[in-house]
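Q: Chains as they are written, first to last, in our numbering: chain A, 1118 to 1374; chain B, 1118 to 1374; chain C, 1118 to 1374; chain D, 1118 to 1374.
What the hints contain is simulated information worked out from the structure, not anything from laboratory work. A few of these clues could be false.
Straight-line Cα separation of at most 25 Å, SDA-like style, residue types lysine to any residue; simulated pairs [as the list claims (entries may be wrong)]:
#1 C:Lys1211 <-> D:Ala1192
#2 C:Lys1124 <-> D:Gly1334
#3 D:Lys1349 <-> C:Lys1349
#4 A:Lys1124 <-> B:Phe1304
#5 D:Lys1349 <-> C:Lys1124
#6 A:Lys1351 <-> D:Glu1339
#7 D:Lys1349 <-> A:Met1361
#8 A:Lys1349 <-> A:Ile1328
#9 C:Lys1349 <-> D:Gly1334
#10 C:Lys1211 <-> D:Val1199
#11 D:Lys1349 <-> A:Lys1148
#12 D:Lys1124 <-> D:Arg1182
#13 D:Lys1211 <-> C:Asp1295
FRET-style restraints, in silico, Cβ to Cβ [said to hold, decoys possible]:
#14 B:Gly1146 <-> A:Val1271: 42 to 48 Å
#15 B:Arg1157 <-> A:Arg1259: 53 to 59 Å
#16 B:Glu1274 <-> A:His1173: 38 to 44 Å
#17 A:Arg1278 <-> B:Pro1240: 33 to 39 Å
#18 C:Glu1339 <-> D:Arg1284: 28 to 34 Å
#19 C:Arg1262 <-> A:Ile1328: 45 to 51 Å
Model, not experiment: these values are computed from the prediction. Using N, Cα and C, we set each Cβ at its ideal position, and we do this for glycine too.
Each chain, letter by letter, is given below.
Number of protein chains: 4
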Amino acid sequence: MGGDRVKEGDAVLLYGGRRTYLIRAVERGGKYSFNEGVVRADDIIGRSYGEEVVTHLGVRFKLVRPTLLDIVYRAFARRTQVIYPKDAAFIILKCGIGPGSRVVEAGTGSGYLTALLAYFVRPSGTVYTYEVRSEFAEVARRNLRLAGLLDYVVIKEKDVRDGIEERDVDAVVLDMADAWLVVGHAFGALRSGGTLACFLPTVNQVEKVVIEAVRAGFVAVEAVELLLRSYKVKAGETRPELRMVGHTGYLVFARKP
Amino acid sequence: MGGDRVKEGDAVLLYGGRRTYLIRAVERGGKYSFNEGVVRADDIIGRSYGEEVVTHLGVRFKLVRPTLLDIVYRAFARRTQVIYPKDAAFIILKCGIGPGSRVVEAGTGSGYLTALLAYFVRPSGTVYTYEVRSEFAEVARRNLRLAGLLDYVVIKEKDVRDGIEERDVDAVVLDMADAWLVVGHAFGALRSGGTLACFLPTVNQVEKVVIEAVRAGFVAVEAVELLLRSYKVKAGETRPELRMVGHTGYLVFARKP
Amino acid sequence: MGGDRVKEGDAVLLYGGRRTYLIRAVERGGKYSFNEGVVRADDIIGRSYGEEVVTHLGVRFKLVRPTLLDIVYRAFARRTQVIYPKDAAFIILKCGIGPGSRVVEAGTGSGYLTALLAYFVRPSGTVYTYEVRSEFAEVARRNLRLAGLLDYVVIKEKDVRDGIEERDVDAVVLDMADAWLVVGHAFGALRSGGTLACFLPTVNQVEKVVIEAVRAGFVAVEAVELLLRSYKVKAGETRPELRMVGHTGYLVFARKP
Amino acid sequence: MGGDRVKEGDAVLLYGGRRTYLIRAVERGGKYSFNEGVVRADDIIGRSYGEEVVTHLGVRFKLVRPTLLDIVYRAFARRTQVIYPKDAAFIILKCGIGPGSRVVEAGTGSGYLTALLAYFVRPSGTVYTYEVRSEFAEVARRNLRLAGLLDYVVIKEKDVRDGIEERDVDAVVLDMADAWLVVGHAFGALRSGGTLACFLPTVNQVEKVVIEAVRAGFVAVEAVELLLRSYKVKAGETRPELRMVGHTGYLVFARKP
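Isolated chain A (complex conformation) (with noise of 0.2 Å):
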């Protein structure tokens, strides 16, 4: 890996202070203020990948290739809380979301899981998410072409309560309030054996989306919540983190006959 070093342009994720920091893209003569202290361009373009490079507060940081992920992960503008890694992970697989699949998805927020799904989706797919607030579908646009998903991904400024125009399509995933309204849309735009994923952060949304879901005609309709639970590992002395994220949401997933 003699050749992998930082070219003007790269994104680099700087690894191992307090928190993890993204370049977007390194630029002669830039400088880059973090909580941690300050790093020049100067210092980092030409060094190679895994490499320290030092804050003017004596913060060292290894220097790391970002990936696609990495990129959506911290350029996203966290105005709007995001779905957890967790969720979204479980929502991609079991709608069987992946090269090709064609996808819609309500609302758009700031465009994270959108991005996410967008990701997944690549070369073939689409996404295409319904945003009724023209705010958030145009931070969500400048988002996502940053990450340079927006080729993936249709916006439509509509509200998905009114209608979903796709047909056929492979999966449909809402995160919204309301989600329970859009239920009969989505039997009508996915395909046989399509898969429907509500994120829900009330228990009583998942009792209105289920019986929906139901009277939709769908089967196989399971609603499910996913725990996190983190460790703090010590030779001889491993117990779980002493905090932990005690409630993101609920799932609900169903299938069109």
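Since the structure of chain A is provided, determine the placement of chains B, C and D on it from the hints.
A: Just chains B, C and D now, with coordinates in the frame of chain A:
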């Protein structure tokens, strides 16, 4: 979807009984026998997906067009214990295993996780899977061929503890008892920014792998566990299921800087 | 402990087989038949606690002197579903149910929770337990007498939804389907600082009880759930048990100001 | 309850602000200062329990008559980490620690668990608590006296690893880092049928204690963990709390045959 009918040679899922069944390829004149009765191919071919078929025992099933993942889930011989979807999904997302990824996996076992990984790296990526027991390698080869995913997999009948031959791979995924013996090889095989993921049943394995990963130079080493809780949803009577799987395995992730 | 031998009339626990068995009162000449074989009273009487006895099937059991709680656990008819120890224990501590406490309980069921409460209020407290179905009241009376705890219990064959007659009690414990109908009565019965505890299987019941408790004037209203996870411990191979109980019930606590 | 008014010398709980406060003994002319403002004794004495008092910052609190357990919970110096109620409750029930029980405990720490155990063994039982650090023994003695529970406790300034002097006790409760060194002593101290309970933060301690308990001759050795999940209940918007305590400690139980 008027033209969306079952043709000879199609794979078909039967939904709606106590269990779900897969017919891999419907053949004229065939009979398919399940716990819940027998269905005849001639009652299936030519019907629209979504319609019902009735077994000789009177159980009604809906005809569903399976996804590739349905075939993976059901086609694999369950002789070896397979990784749960929640764990596989989280590994795939944390490692960013998507279209074009190059992934090393060990051990292959029945090829179930191999097939999931192959599903996501299509069409331009490759899964290199190590399996020292040739009878397992053979089973996995047959399963992957049936699932139509063998083109994306290189099965290597070698002991991964002796070394990994690939370089600059995006991810190394280990599902084997003594994974800590392979952590150093994984470091050598990964590109900068690449991810190691291990699935480990016991706490003691977690301790060994984490200590070895830190020693090898990995950063962002984390040990987690996912718990899946299912709900029994009924209007006004919603509650978690009385039984749940208490443990599948721990997950360790680490990144090469 | 040389003098610590099994005497006629003693209760004896048999430990060490696949299950644990209780003989309520060993009688000369008696034979005790379990799934794992038959033991004769004459092989037990006069032996020291801690020694072994062998069934006619060759299974070895250690003789253990039971506690009062062992008798409660094993003596109660399991015809009704009983509350789990984890939940009963938390109710007892949160309500401060100890020696001298005056407690109202409904419904009685087989008397299992009644017996646990009675165990802790001895020697000077009282459990007032309401049960509208007289056949259950009769079963509970017999069970409590066998456990030696009937002196601390007043069984009331009344519908608690019609009102609670006691005043200034320390705690009201409700294990019944429509507990929200009794929340107002509980407020009237409790002393200042007294605690209401409800065991509720569904989320919908929790919602109703919490709303009703706040309306009735309770403070410190909280809804929680306890999950018990068991571990399989072996040197170098420790992990959680593969199966666990996913749900017993929710607990709601509230205090009268 | 017309006569149920706050008198001089009473302990009073203040409920209804962001936190709950305890005044151990209201004294004429006194002023009590909390984060949420100051209240004067003369505004409290003579008021009925259940009435409100207002701090100089305008925060309203209801006057609540505390239970003995309220005093235990709030009176203890929080300089040492204390065991959680869920864990203490389960230990008490599994060991059958009730009126008249004779219990050995180590280490004493601030005396918090000692006080809970003493609360339940009243009026005729005794808690023998070992604490090798005399400054802790002193703190615990003061706390137990304030809680009115010192009469039921014998504080022993000895290292429990050197041996337990009591015999035929009902339970031994260990909350100490190297509990496995005391397992053999516990076996000697317990009566037949008596229970050993250990509270242990790490998995490695669990492994050592379980192995040692089996070697010492204990039966029914089990290792468990309790997780407490809190809910945010609102009509139509019920969900688990976003944050939870991810780990307090593991519990190991074992019985002497």
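Q: Determine for every hint whether it applies to the structure shown.
A: Here's how the hints hold up against the structure:
With a CA separation close to 16 Å, the supplied pair Lys1211 of chain C and Ala1192 of chain D stays within the 25 Å bound. With a C-alpha separation of about 24 Å, the suggested pair Lys1124 of chain C and Gly1334 of chain D falls inside the 25 Å cut-off, and the hint holds. Pair hint Lys1349 of chain D plus Lys1349 of chain C does not hold up; C-alpha atoms about 33 Å apart against a cutoff of 25 Å. For the hint linking Lys1124 of chain A to Phe1304 of chain B, the alpha-carbon distance of about 23 Å falls within 25 Å, and the restraint holds.
In summary, the hint linking Lys1349 of chain D to Lys1124 of chain C is not supported, as the alpha carbons are separated by about 54 Å, beyond the 25 Å threshold. Taking the CA atoms of Lys1351 of chain A and Glu1339 of chain D, the gap is about 24 Å. The hint holds against a cut of 25 Å. Restraint check for Lys1349 of chain D and Met1361 of chain A: satisfied, since their Cα atoms lie roughly 16 Å apart, inside the 25 Å limit. Taken as a hint, the Lys1349 of chain A and Ile1328 of chain A pair is broken in the structure, with Cα atoms around 41 Å apart against an allowance of 25 Å.
A distance of roughly 18 Å separates the Cα atoms of Lys1349 of chain C and Gly1334 of chain D; the hinted pair therefore holds under the 25 Å criterion. For the suggested pair Lys1211 of chain C and Val1199 of chain D, the alpha carbons sit about 16 Å apart, so the restraint of at most 25 Å is met. Pair hint Lys1349 of chain D plus Lys1148 of chain A does not hold up; C-alpha atoms about 45 Å apart against a cutoff of 25 Å. With a C-alpha separation of about 11 Å, the suggested pairing of Lys1124 of chain D with Arg1182 of chain D holds against the 25 Å cut-off.
Of the pairs offered as hints, the one joining Lys1211 of chain D and Asp1295 of chain C is violated, with about 30 Å between alpha carbons and a cut-off of 25 Å exceeded. Between Gly1146 of chain B and Val1271 of chain A the C-beta distance comes to about 45 Å, which sits within the given range of 42 to 48 Å. Distance hint for Arg1157 of chain B and Arg1259 of chain A: a CB-CB separation of about 57 Å, consistent with the stated range 53 to 59 Å. The beta-carbon spacing between Glu1274 of chain B and His1173 of chain A, approximately 53 Å, falls outside the hinted interval of 38 to 44 Å.
Take Arg1278 of chain A and Pro1240 of chain B: their Cβ atoms lie about 36 Å apart, and the range 33 to 39 Å holds. A hinted range of 28 to 34 Å is violated for the C-beta pair Glu1339 of chain C and Arg1284 of chain D, which are about 42 Å apart. Checking the proposed 45 to 51 Å range against Arg1262 of chain C and Ile1328 of chain A shows it holds: the Cβ atoms sit about 47 Å from each other.
In terms of the numbered hints stated before, the structure departs from hints 3, 5, 8, 11, 13, 16, 18, listed from lowest to highest.
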